[in-house]
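In terms of my numbering, the sequence shown opens at residue 1 and continues consecutively.
Each hint should be verified, as a subset may be incorrect.
[Claimed, not checked] Quick list of simulated restraints, FRET-style, between CB atoms:
1) Ala215 <-> Gly184: 18 to 24 Å
2) Leu131 <-> Leu213: 29 to 35 Å
3) Leu178 <-> Gln67: 23 to 29 Å
4) Ala194 <-> Ala85: 40 to 46 Å
5) Pro214 <-> Gly184: 35 to 41 Å
6) Trp211 <-> Gly103: 31 to 37 Å
7) Arg68 <-> Arg212: 14 to 20 Å
8) Leu131 <-> Ala104: 19 to 25 Å
The set of hints was computed from the structure by calculation and includes no laboratory data. The C-beta atom is built at its ideal place from N, Cα and C for all residues, glycine as well.
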Amino acid sequence: MILADSGVDVVAASSELVRVLDLLGVAANVLLAGMLAREKRFDLVGFLVLGIAAGLGGGMLRDTLLQRGTPIALTDLSYLGVAVATAVVAYLVNIDGRWWHRGARVIDAIALGTWGAVGAQKAIGLGLHWLPAIMLGTITAVGGGMVRDLLLLRTPIVFGGNTLYATCASAAAAVVVLADWATGGDYKGLTTLAAAMVGAAMCLVSYRLGWRLPAAREWRLGRRPRPT
Numbered sequence: 001m002i003l004a005d006s007g008v009d010v011v012a013a014s015s016e017l018v019r020v021l022d023l024l025g026v027a028a029n030v031l032l033a034g035m036l037a038r039e040k041r042f043d044l045v046g047f048l049v050l051g052i053a054a055g056l057g058g059g060m061l062r063d064t065l066l067q068r069g070t071p072i073a074l075t076d077l078s079y080l081g082v083a084v085a086t087a088v089v090a091y092l093v094n095i096d097g098r099w100w101h102r103g104a105r106v107i108d109a110i111a112l113g114t115w116g117a118v119g120a121q122k123a124i125g126l127g128l129h130w131l132p133a134i135m136l137g138t139i140t141a142v143g144g145g146m147v148r149d150l151l152l153l154r155t156p157i158v159f160g161g162n163t164l165y166a167t168c169a170s171a172a173a174a175v176v177v178l179a180d181w182a183t184g185g186d187y188k189g190l191t192t193l194a195a196a197m198v199g200a201a202m203c204l205v206s207y208r209l210g211w212r213l214p215a216a217r218e219w220r221l222g223r224r225p226r227p228t
């Protein structure tokens, strides 16, 4: 689709915007992994391994499930380049202090919303149904963090005990599905950006207000005691 007045190829511009958002998500997650690597006093190899796993793990898992060739992180060197460069920066620069930790919440929210939206957009682009698209968007957003936590021998944060996390990614993916249906898929970049903002905002608000999913209740089968 090309705008007649400006000569702008909307489809190409939208695809490029989705790619930029995807790379920003990679950098954000690698930076967060770098903060954890510094807490563990890892060396440069540890920073690189943890950062690459966190930054590229979710996308590679998504692409593997989509079964459409080699994962993009292995064919487009921009992804690996961004992951390595960000890991090196995190290794060289001491990312610490109150403001850095506050910023980490914002970075995490942006990465979560971005990948939830990008993952769903890629699934829709391959003709998948809306439900698998939301699932793959969520996997894209939380997959790298799960790999990171497993490497650190921690319970993955996505399993609960904290404010809304995977739910925010699913919300971003759902916005992509609805927006794509409403626009006919002509403005993928803008819809992905809007969905990423929704997911990020939901994540930040849930942290601020302490929103959590309810824990599992213990249900017991049995007869009620008769009133006396």
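Verification of the hints:
For Ala215 and Gly184, the hinted distance range of 18 to 24 Å is not satisfied, since their beta carbons lie about 41 Å from each other. A beta carbon spacing of about 20 Å between Leu131 and Leu213 contradicts the range 29 to 35 Å that was offered as a hint. Leu178 and Gln67 have their C-beta atoms about 26 Å apart, which keeps the hinted 23 to 29 Å range intact. Between Ala194 and Ala85 the Cβ separation comes to about 28 Å, which falls outside the hinted range of 40 to 46 Å.
About 38 Å separates the C-beta atoms of Pro214 and Gly184, a value consistent with the hinted range of 35 to 41 Å. The supplied range of 31 to 37 Å is broken by Trp211 and Gly103, whose beta-carbon atoms lie about 21 Å from each other. The given range of 14 to 20 Å is broken by Arg68 and Arg212, whose C-beta atoms sit roughly 36 Å from each other. For Leu131 paired with Ala104, a C-beta distance near 32 Å fails the hint of 19 to 25 Å.
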